[in-house]
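So the sequence lines, in the order shown, correspond to chains X and W. Read in numbering that gives the first Met the number 0, the first sequence has 98 at position 99, and its numbers run on one by one without any break. Read in numbering that gives the first Met the number 0, the second sequence has 181 at position 182, and its numbers run on one by one without any break.
Simulated from the structure, these hints should not be mistaken for laboratory data. Beta carbons: idealized from backbone N, C-alpha and C, even for Gly. Check before you lean on any hint, since a few could be wrong.
[What the hints assert, rightly or not] For lysine-lysine, the following BS3-like pairs were computed, each having C-alpha atoms within a straight-line distance of at most 30 Å:
(1) 63(W) to 67(X)
(2) 63(W) to 36(W)
(3) 68(X) to 43(X)
(4) 40(X) to 27(W)
(5) 43(X) to 27(W)
(6) 190(W) to 67(X)
(7) 31(X) to 43(X)
(8) 27(W) to 63(W)
(9) 67(X) to 112(X)
(10) 68(X) to 63(W)
(11) 68(X) to 31(X)
(12) 40(X) to 68(X)
(13) 112(X) to 68(X)
(14) 67(X) to 43(X)
[To be verified] Which chain W residues stay away from chain X? Per the calculated CB distances, all over 12 Å, these:
(15) 63
(16) 81
(17) 106
Okay, here's what each chain looks like letter by letter:
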Amino acid sequence: MTSDLVSDAAANGLRGRIARQIHESIVSGTLKAGERLVERKLAKELGASITAVREAMIELETEGFLTKKVNFATHVISLSWADVDKIFAVRRVLEGFAVQAACSRALQEEIDKLAGIYRQMLEAARGRHSSRFNHADIAFHTLLWSAAHNECLETALRRALLPLFAFGAIRAASHDAGDLARDADSHLPILEAIRNRDPQEGLRAFHAGWDYWYGRRRSELSGAATHV
Amino acid sequence: MFERLTPNTMRTRIAQQIRQVILSNQLKQGERLIERKLATALGASLTAVREALIELESEGLIVKRANLGTYVNTMGMAEIEKIFEVRSVLEAFAVVEAARNATDEQIAALETTYLEMVDAARAQDTRTFNQRDMEWHAQVWRMSGNEYAESALRRAVLPYFAFIAIRIAAVDPMSLLRDALGHLPLLEAIKSRDAEKAQQAFASTLEGWLAITRTEFSDEGHLEARA
Numbered sequence: 000m001t002s003d004l005v006s007d008a009a010a011n012g013l014r015g016r017i018a019r020q021i022h023e024s025i026v027s028g029t030l031k032a033g034e035r036l037v038e039r040k041l042a043k044e045l046g047a048s049i050t051a052v053r054e055a056m057i058e059l060e061t062e063g064f065l066t067k068k069v070n071f072a073t074h075v076i077s078l079s080w081a082d083v084d085k086i087f088a089v090r091r092v093l094e095g096f097a098v099q100a101a102c103s104r105a106l107q108e109e110i111d112k113l114a115g116i117y118r119q120m121l122e123a124a125r126g127r128h129s130s131r132f133n134h135a136d137i138a139f140h141t142l143l144w145s146a147a148h149n150e151c152l153e154t155a156l157r158r159a160l161l162p163l164f165a166f167g168a169i170r171a172a173s174h175d176a177g178d179l180a181r182d183a184d185s186h187l188p189i190l191e192a193i194r195n196r197d198p199q200e201g202l203r204a205f206h207a208g209w210d211y212w213y214g215r216r217r218s219e220l221s222g223a224a225t226h227v
Numbered sequence: 000m001f002e003r004l005t006p007n008t009m010r011t012r013i014a015q016q017i018r019q020v021i022l023s024n025q026l027k028q029g030e031r032l033i034e035r036k037l038a039t040a041l042g043a044s045l046t047a048v049r050e051a052l053i054e055l056e057s058e059g060l061i062v063k064r065a066n067l068g069t070y071v072n073t074m075g076m077a078e079i080e081k082i083f084e085v086r087s088v089l090e091a092f093a094v095v096e097a098a099r100n101a102t103d104e105q106i107a108a109l110e111t112t113y114l115e116m117v118d119a120a121r122a123q124d125t126r127t128f129n130q131r132d133m134e135w136h137a138q139v140w141r142m143s144g145n146e147y148a149e150s151a152l153r154r155a156v157l158p159y160f161a162f163i164a165i166r167i168a169a170v171d172p173m174s175l176l177r178d179a180l181g182h183l184p185l186l187e188a189i190k191s192r193d194a195e196k197a198q199q200a201f202a203s204t205l206e207g208w209l210a211i212t213r214t215e216f217s218d219e220g221h222l223e224a225r226a
């Protein structure tokens with residue numbers, strides 16, 4: 000599943016494998032938002048050369064998961080209120096467009112796969128399995144993006160939105176089963192619209208989902224009182 | 000007084016140089032990049048060149064093929080149609096936000112870039128024209144004040160400018176001026192901070208650019224082959 004998360008660049012051998020491992024550590028919560036990454040230490044832990052670790056970190060930095068303070072240390076990103084607002088503003092136009100495109104262009108096998116992921120999301124919610132839920136959530140959205148059949152659009156979505164999904168596991172862990180079930184349900188109208196090949200309904204369903212997701216994220220932020 | 004030269008600034012400076020060479024069409028679409036040769040030409044270490052190439056790969060300017068090497072990306076009309084689809088949504092968003100959020104200094108700088116673009120078009124200086132054209136759009140993206148939109152646009156749309164660098168070198172010089180002047184309605188709308196007018200100006204300008212690109216493409220057949 001994580002291989003879907005980091006871009007195509009991750010296909011590049013050792014660098015890609017290290018990048019995926021660091022990314023998975025962020026998604027699973029082993030690495031926390033804002034945490035500092037030390038090349039030497041990571042190289043030791045992963046049994047890789049410092050050069051390979053450096054290259055993987057540059058890849059994740061350009062993907063927006065890590066951030067470098069000028070000439071200084073590398074940290075896992077942390078999203079402020081302002082960041083979340085900006086990402087959601089982009090999300091409204093860009094993912095909304097992707098949903099409409101998916102309504103007209105998705106292949107039957109993609110629709111079937113989306114339905115399967117939706118069922119996984121429901122099961123994860125019932126089992127209160129937040130990490131599994133988070134992986135299914137990311138899988139649902141990334142598949143939706145590729146079902147729009149525009150690689151350029153998909154690239155733009157990954158670049159702008161993936162940081163938003165990065166800390167989901169930590170986030171979802173603090174919620175009860177009812178919240179997770181509602182999170183899962185919020186995806187159903189979008190799936191139905193794609194099934195019915197109805198772009199107008201798809202956009203309406205997405206906007207309803209967006210309102211819900213944005214509200215959730217805002218309330219989590221005020222709960223955490225600091226960064227995500 | 001001095002900026003300390005760390006491995007990171009080296010990487011950024013090398014990436015900047017290679018980027019310029021691609022965007023000014025001195026490296027052609029599909030051309031292979033040899034890390035060792037680049038290192039020698041730039042007087043840099045192989046490690047620094049490799050790191051710079053990762054940055055350019057993430058920008059979509061180059062592609063790495065496993066065991067086959069690194070190449071300048073290529074772009075056909077099918078890719079361009081897709082890029083324009085993204086621009087119609089995401090750059091339109093940036094334009095509206097720019098009209099709302101831009102500072103006076105940013106607007107003045109945008110106008111300066113526009114005037115330099117027109118000068119370059121009059122002088123038929125295609126290289127400068129391309130640089131100013133790209134800068135102009137990158138400035139608008141930044142003026143949106145939304146760095147997530149900006150970063151997505153850089154990744155998704157910047158490779159397009161590498162493509163037009165090649166196209167523009169091939170077409171008649173009159174079209175340079177026409178392309179330059181095409182930016183004016185949008186500039187005026189942003190200057191008047193009229194978000195709605197900016198959105199309309201962008202939509203019709205973009206449609207015009209796409210129509211021209213389609214015509215040139217069908218007239219000239221395979222642009223990649225010529226480049």
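Results of checking the hints against the structure:
1. 63(W) to 67(X): Holds, at about 24 Å.
2. 63(W) to 36(W): 16 Å, holds
3. 68(X) to 43(X): 23 Å, holds
4. 40(X) to 27(W): Distance ~41 Å between residue 40(X) and residue 27(W) Cα, so the pair is violated.
5. 43(X) to 27(W): 41 Å, violated
6. 190(W) to 67(X): Not OK: residue 190(W) and residue 67(X) at ~34 Å, beyond 30 Å, violated.
7. 31(X) to 43(X): Holds, at roughly 19 Å.
8. 27(W) to 63(W): This hinted pair holds, its Cα atoms lying about 16 Å apart.
9. 67(X) to 112(X): 37 Å, violated
10. 68(X) to 63(W): Roughly 28 Å separates the two Cα atoms, so the pair holds.
11. 68(X) to 31(X): 17 Å, holds
12. 40(X) to 68(X): 19 Å, holds
13. 112(X) to 68(X): 40 Å, violated
14. 67(X) to 43(X): 21 Å, holds
15. 63: 6 Å, violated
16. 81: The claim is violated: residue 81(W) sits with its nearest Cβ about 4 Å from chain X, within 12 Å.
17. 106: Correct as stated: the minimum Cβ-Cβ distance to chain X is 21 Å, above 12 Å.
This entry does not satisfy hints 4, 5, 6, 9, 13, 15, 16, going by the numbered hints stated previously.
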